[in-house]
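Put chains B and C on the given structure of chain A with help from the hints.
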Amino acid sequence: MGLIRVLLFLLIAFPAQAQQRFITVASTTSTEQSGLFKHLLPMFEKKTGIQVRVVALGTGQALDMGRRGDADVVFVHAKPLEEKFVAEGYGVRRHEVMYNDFVLIGPRSDPAKIAGGKDAVVALRNIFQAKAAFVSRGDRSGTHFAELELWKAAGIDIGRDKGSWYREIGQGMGPALNTASGMGAYVLSDRGTWLSFKNRGDLAIAVEGDRRLFNQYGIILVKASAKQQMGQAFIDWVISAEGQDAIAAYRIGGEQLFFPNAGG
Amino acid sequence: MGEALRAAAALVASGDATLLGIVGLSLFVSLSAVTLATALGLPLGAALAVTHFPGRRAIVVLLNALMGLPPVVVGLLVYLLLSRAGPLGSLGLLFTPGAMVIAQTVLILPIIAALCRQAVEDAWVEYQEQLRSLGVQGARAALTVLWDIRFSLLTALLAGLGRASAEVGAVMIVGGNIDGVTRVMTTAIALETSKGDLPLALGLGMVLIAVVLALNAAAFLVKEAAQRRYG
Amino acid sequence: MILPLRLEEVSFLHVLQPLSLQIEAGPSTIILGANGAGKSVLMRVMHGLLAPSGGKVSWSGPDPRRRQAMVFQRPVMLRRSAFQNVLYALDVAGVAGAERIAADALAEVGLGHVAHQPARVLSGGEQQRLALARAWALHPEVLFLDEPTASLDPTATREIEAVIRAFDASGTKIVMATHNLGQARRLGDEVIYLHQGRMVERAPAETFFVQPSTPEAAAFIKGELPWV
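Chains as they are written, first to last, in my numbering: chain A, 791 to 1054; chain B, 190 to 420; chain C, 39 to 266.
Bound-form chain A, shown alone:
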């Protein structure tokens, strides 16, 4: 039967793939969904023959993966959590790679009256006072972490004072945007995911440009990894001039998404 032939072919093809040299990189859903890896990784693979397999999770989960030794490299964006990871002995060394920014997205109807503003903290205070619908990632991601820091900066204890207007969905950036679009709610998103998001509905950027919306990415070699040499090769390339140029060259609709800043 033809089906048996297909099965046999696949049976041979997949183990063959397993023989290839590869590393596992734990990164975040926002980074993967921005399309950066599809642009970046083929260059590295061509140069070194090492396949990079990216598992995209939230920052918290990605670091947990590193702790368990299920990833060789972690590439996330939550500096305090990353430094803790290295301090606890799970990571070899942290390198800065690039930054992008977050944008505060909201419905065009703008119930909290924050559109066009330049101050993210003031905007959040307004949202809180207006009890306008707000979608939070609630998933220990870098974005979630940044959102919590902003509430803190606004002097609001969001854990204690949240109301039914504050919707924690425990999912990635895409679902968060989907939910916000469906509900006409505000949401904090990284620019990359926003630019490639296709289901915008009535949403638009409400606030951007605040320095506090700055989002730094770091890359760390996992101590428990069995492939440290290949992992380090990847890190070295990402922070090299070639890697940094490749990052800067990535654009969506002509707009640059990530700004390389390795080596300070």
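In case anyone wonders, no lab produced these hints; they're calculated from the structure. Be aware that a few hints might be false.
Stated by the list, open to error - A partial selection of chain B residues facing chain C, derived with a Cβ cut-off under 10 angstroms:
hint	residue
1	ARG273
2	LEU323
3	THR333
4	GLY420
Stated by the list, open to error - Away from chain A, derived, C-beta distances all over 10 angstroms, residues of chain B:
hint	residue
5	ALA199
6	ALA206
7	LEU265
8	PRO276
9	PHE284
10	GLU310
11	VAL314
12	GLY365
13	GLY385
14	ASN405
To be verified - Okay, the calculated beta carbon distance ranges per label pair:
hint	chain 1	residue 1	chain 2	residue 2	range
15	C	GLU199	B	GLU310	53 to 63 angstroms
16	A	ASN1051	B	ALA406	53 to 63 angstroms
17	C	ALA134	B	PRO243	39 to 49 angstroms
18	B	LEU229	A	ARG950	49 to 59 angstroms
The C-beta atom is built at its ideal place from N, Cα and C for all residues, glycine as well.
Quick look at chains B and C alone, frame taken from chain A:
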């Protein structure tokens, strides 16, 4: 909906290599899981059908209940087993198609075993006396019945295949939905949905349904032909 | 030689009251009785398919299991060809030269022309003949038959009876349960009459049908329902 149909048609017509890879991997994982679960589940179900031992009924009830194992729970359990921090970590199977096959095998084994047990138990009523009269005992008798009802067992296999190809929880957790390596139809649909590309997600969904439909149609024809040949 | 078969105070639940009898080699034995008299249960206890609730069943030679065969009211065939069904039985018994023996057995019962057809598409009568061929191939010392023609039409019944006669002529001990008086007369050398789980009479066939010695047997032969 119209956009989704157009997206689906465009996808298939383009013969896109990525799509073919994803479909191929989905078939490989689910069909491998069905094969393994059948190899393990048929003897298990048959043995359970014909032997009697204390606690047998409890095991039958447990097996039936396990048919409803949530995929995401299976995924989590297999992840903990295969993680480097876990007992089988040194095998390096996590985030490979192999892990996905293992997870789906665990998921559908109860389905195939339980349905097989029921089928063999029903057939056993018919065959038992004659086989014993001929001096056929134990394992040989069970295997004879199993082989004789092989075409009705096809339904059990299809149930397992359906469950495996439809689930996303287990393969997402143990596979990691890695582009080009462990991305299957269901995880690709989940990804496109979360990215907001709903027409593409629906298009992929339709391709998935079409593939499963084709497999079922093929199985049905095989069963019919066999019915005519063997009576 | 596994005969004679001895039953000592053998009973089965409420269906068979304790009975003792001995089945000898030679004459074909008919177990006669109305429906529900306990014929099928007695057959199964003798053949070893049921363990008696009380009493003892003993054969007189080694390896009795292999030297008997049974044909049931409804033949149970595997989903294979007629030939393969006979082959299967020979295979289980570990008989050498199985293919030749199977072919001969099929020819013996007149099924040579359908040997390679799926067994389950054969008619009821043909399948029963196939069951007999399967038993024939094993060359059993004792052949048990439990109402073998009860589900068949008169033509098929005649064909089956012919095969049974051939078995008998070849030296196989026939033990057959039936409620069909005519059949019992045609095929039996001796009759064991069962009435409500008890062996009520046992006599050579001519004696039994001409001059039954018990009122229950007499009533049965007259065709009356015993419970009326």
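Comparing the hints with the structure gives:
{"no.": "1", "hint": "ARG273", "verdict": "violated (50 angstroms)"}
{"no.": "2", "hint": "LEU323", "verdict": "holds (5 angstroms)"}
{"no.": "3", "hint": "THR333", "verdict": "holds (7 angstroms)"}
{"no.": "4", "hint": "GLY420", "verdict": "holds (3 angstroms)"}
{"no.": "5", "hint": "ALA199", "verdict": "holds (16 angstroms)"}
{"no.": "6", "hint": "ALA206", "verdict": "holds (13 angstroms)"}
{"no.": "7", "hint": "LEU265", "verdict": "holds (13 angstroms)"}
{"no.": "8", "hint": "PRO276", "verdict": "holds (13 angstroms)"}
{"no.": "9", "hint": "PHE284", "verdict": "violated (6 angstroms)"}
{"no.": "10", "hint": "GLU310", "verdict": "holds (30 angstroms)"}
{"no.": "11", "hint": "VAL314", "verdict": "holds (33 angstroms)"}
{"no.": "12", "hint": "GLY365", "verdict": "violated (4 angstroms)"}
{"no.": "13", "hint": "GLY385", "verdict": "violated (3 angstroms)"}
{"no.": "14", "hint": "ASN405", "verdict": "holds (13 angstroms)"}
{"no.": "15", "hint": "C:GLU199 with B:GLU310: 53 to 63 angstroms", "verdict": "violated (36 angstroms)"}
{"no.": "16", "hint": "A:ASN1051 with B:ALA406: 53 to 63 angstroms", "verdict": "holds (57 angstroms)"}
{"no.": "17", "hint": "C:ALA134 with B:PRO243: 39 to 49 angstroms", "verdict": "holds (42 angstroms)"}
{"no.": "18", "hint": "B:LEU229 with A:ARG950: 49 to 59 angstroms", "verdict": "holds (52 angstroms)"}
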